[in-house]
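So the sequence lines, in the order shown, correspond to chains C and L.
One point on numbering: in the working numbering, the residue at position 18 of the first sequence is 18, and numbering is uninterrupted.
One point on numbering: in the working numbering, the residue at position 364 of the second sequence is 617, and numbering is uninterrupted.
Note that these hints are calculated values from the structure, not bench results.
In this text the structure is predicted, and so the values were computed from the model without any measurement.
Glycine residues also receive a C-beta, built at the ideal position from the N, C-alpha and C atoms.
Be aware that one or more of the hints could be misleading.
When the alpha-carbon atoms are kept at most 30 Å apart in a straight line, the in silico DSS-like pairs for lysine-lysine are as follows [said to hold, decoys possible]: (1) L/406 to L/445; (2) L/255 to L/528; (3) L/528 to L/476; (4) L/467 to L/528; (5) L/432 to L/467; (6) L/653 to C/87; (7) L/406 to L/427; (8) C/87 to L/650; (9) C/87 to L/255.
Some chain L residues near chain C, calculated using beta-carbon distances under 7 Å [to be verified]: (10) 260; (11) 269; (12) 566; (13) 570; (14) 578; (15) 579; (16) 580; (17) 583; (18) 654; (19) 656; (20) 657.
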Amino acid sequence: MATMIETQSLTKDYVVGADVVHALADADIRIDAGELVAIMGPSGSGKSTCMNLLGCLDTPSAGSYHFDGVEVSSMSTDQLAAVRNEKIGFVFQSFNLLGRTSALHNVEMPLIYGNTPARDRRPRAVAALSAVGLADRMDHTPAQLSGGQMQRVAIARALVNDPALLLADEPTGALDTRTGLEIMALFQKLNGTGITVVLVTHEPEVARFAQRILRFRDGRLVSDQGQTPESAMALLAELEPDAAVAPVPEAAA
Amino acid sequence: MKLSDCLMAAGHSLRANKMRSILTSLGIIIGVGAVIAMIAIGTGAEQRVQRVIQQLGSNIVLLRNGTSVAGGRRGGSGTRVTLTEQDAAAIERQVDAVQVAAPEVRGTGQVIYGNTNWHTILYGLTEGYFTARNWTVDEGRMFTGAEVRSAAKVALIGKTVARELFAGEDPIGKVIRIKKVPFMVIGILGEKGQTPWGSDQDDVIFLPISTAKKRVLGGRRIKGNLVAGITLKAVSAAAVDEAVRETRALLRQRHRLRAGQPDDFRVRNISSFLKARAESSQVMSILLASVAAISLLVGGIGIMNIMLVSVTERTREIGLRMAVGARGRDILLQFVVEATALASIGGLLGIGLGVGGSEILAAVAGWEMVIEPQAIILAVAFSAAIGIFFGFYPARKASKLDPIEALRYE
Ligand SMILES: Nc1ncnc2c1ncn2[C@@H]1O[C@H](COP(=O)(O)OP(=O)(O)OP(=O)(O)O)[C@@H](O)[C@H]1O
Ligand SMILES: [Mg+2]
C-alpha cells in the first residue's frame, strides 16, 4: 500500500504569554492509503492539533509532513486550498455548519470551490446527505436539526467531494450508540472502497472498528498498535436484524 | 468560485441583515439621488439654453430704441426712435465683430385670404434677418436683397398663419391682403414653436422692410429711415462683447452723443442673459454635487465599516470556507461582490430618490429637469465602483485570514 501520510518530528508549539504549550511534540506518524486509523488520548493531548496539521489546515512549528508524497510546507496557500478541496474531507469536532443555510447548501459548499459543474452539485449533495440518512432533512437549517443530525450534515459535507482522505474529529461524540454505530458502519464501508479514514475518539467502543490505534498523551505519540477491526455493520445487524444500512453515496462508490 | 455563486452568497447575506443593509446603503441612496438630480438640473438648463439659442439664434445682440423724456415724463421703451436703417448698414460695414446687422420694424394687422381673415404680427425685415435669427424656409423661398430694395409686395408666412388662412391649400403663389394691400406669398417659414415664455413664434408674417414701411406699417414714430430695432449677430461667441462695445461706440458717434449724455438706444445681450440663467442653475448643481460627494464618501465609508463588521462576524464562516477549499481570491471576490451588491442596491434606490426628487424640484421650484438614461447608467456604475473601492479593504482582510485561526475565532 502506498504511503499517504508521513510525518517526521511533527511539532506544534503555542506561545501563550510567557509559556510555550507543546500541543504536539516530535510526532512520527505513517498512515498508508486505505487504512482506518483511530487516534485516542485524554483531553488536551493534542489530537485535534494533529488532525489540523494532517488536514493541511495548520502549519507545523517544526518537523515535516508529506501528504501523498509531497512536502506540505512547500505548497502555496492556493495549492493547499486545492488539496483540502479535492483530496481531504474534514469533519470538525464542533460541526462548523453555516447558520441560516439549509443542510443541502451546507453540503454543496465545497463543490463551489472545485470544478464541479453547477448542475451536478445538487445531485451530489443529495447523494451525500442520503448516505448519512438525512434525505428527509435537506431543507432544514442547522438550528432546525438535532446535534446528531448536524454531525451527519458535517460528515456529508466532508464526503461530497469524494475525498481520498477522510479526517473526522470525534464524529460520534454527539451521537447515541445506535447512530454512532451507523456512522462507523458508513466509515468502514467508505474505507472498504479505498478511502483512508482517520478519526479521533474518546470511546474504546468506537476505536475497536479501526485497524490501528494511535494514542497521544501530552502532545506525544505514546503507542501505535494494530488490531483486527470489528465490523460495525455486523454489530448493527445483531442489534436490529432487519435494519437496512445506509448506502454509500454514489460519489464515493 | 464563480460570480453567480458570489452573487447568491451576497444575496443570502444581505437578506439575512435586511435592515442593516438598507441603513448602510443610505449614504449611497442619498448620494446617487443627489447625483441624478444634479445631472437632471444641469441637462435641463443646458437644453433650455440650447432651445433658446435655437429659437433666437446664437451670438445675438438686440438693439432697441431708447425712451423719450418729455418734461420729466418718460415714455417707456421704444418711445424715442433713433435707430435707422443706415445705422444697421454702418454697423455691418464698420464693426468687424458683427457678421450681420438686420434692421426690423414691427406691427400687427388683419390679413385676408379669400373669405377668411386672421390677425397677426407683421415684421418688416431685410434678408440678413434670416441669417441672424436662424430662420429657415420650409417651402418656397426667402425674399432677396433686390426685392427689399425694390419694395416688392412679397410675403413669407409662419406655419400658424398658413394653417389659419389656407387650411390645407398650398399658400405659395397665392395673393393675400394685408391692410388691403395685396402681397404674394413666396414662402412658408420653418416651424419655431413657442418661446420659453409661451408666445407662438409661428404666428407671423415677414415682409421686406421697405414694403412694410411704405405700405402697411407707416406709423407716426417709425417713418423715413427709422427702425424699431436692429438684430446683431456677432461673428463668434467670443466676439459678442467686442461687438457690443464697438457698436455702442459707433452708434454714440453716429447719434452725436456727447461724453456725459446717456445712450439713446438700448443694448440687450442675449448671450449674457442666457449665461446668467445657466449660472443660477449651476449654483444649484454645485450644491447638489457637494451633497452627492459627501454622501457618497460617507456612504462608501459606511459600506467599508459594515463590511469590516461582517468579516469579523463571519470569521468562522471564512475559516470554514477556506477549510473546504476556498482560495484567498474566492473569499476576496465573495466580499467584494457583497459590498458591490450593497452599493448597487443603494444606487438603484438612489435613482428612485433622484427621479422622484427631480420631479418634486421641477414642480416646486420650476427647474427644468431632464433625466437621461446615461445619467442612470452612470449612477449605477458609480455606486458599483464605490462598492468595489470601499469593499476591497475588508475583503482583502478576509482573504488573508489563516484558516485554522479563523475557525477557532469566538
Ligand atoms: N490556539 C491555541 N493556543 C494555545 N494553545 C492551544 C491552542 N490550541 C490548542 N492549544 C493547546 O494545545 C493542547 C492540545 O489541544 P488539542 O485541541 O489538540 O487537544 P485535544 O486532544 O483535541 O483535546 P480534546 O479531546 O478536548 O478535543 C491543549 O493543551 C490546548 O490548550
Ligand atoms: Mg479535540
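Outcome of the hint check:
1. L/406 to L/445: This hinted pair holds, its Cα atoms lying about 24 Å apart.
2. L/255 to L/528: Answer violated: residue 255 of chain L to residue 528 of chain L is near 52 Å, above 30 Å.
3. L/528 to L/476: violated (36 Å)
4. L/467 to L/528: violated (39 Å)
5. L/432 to L/467: holds (12 Å)
6. L/653 to C/87: holds (23 Å)
7. L/406 to L/427: Measuring from Cα to Cα gives roughly 12 Å; hence the hint holds.
8. C/87 to L/650: holds (27 Å)
9. C/87 to L/255: holds (21 Å)
10. 260: violated (12 Å)
11. 269: holds (6 Å)
12. 566: For residue 566 of chain L, the interface hint is violated, since the closest Cβ of chain C sits about 11 Å away, which is over 7 Å.
13. 570: Because about 6 Å separates residue 570 of chain L from the closest Cβ in chain C, which is inside the 7 Å limit, the hint holds.
14. 578: Holds, because the Cβ-Cβ distance from residue 578 of chain L to chain C comes to roughly 2 Å (cut-off 7 Å).
15. 579: The hint holds - residue 579 of chain L has a Cβ within 7 Å of chain C, the shortest such distance being about 5 Å.
16. 580: With a minimum Cβ separation of about 4 Å from chain C (threshold 7 Å), the hint on residue 580 of chain L holds.
17. 583: holds (6 Å)
18. 654: violated (11 Å)
19. 656: The hint holds - residue 656 of chain L has a Cβ within 7 Å of chain C, the shortest such distance being about 5 Å.
20. 657: Hint on residue 657 of chain L: holds, closest Cβ of chain C at ~4 Å, below 7 Å.
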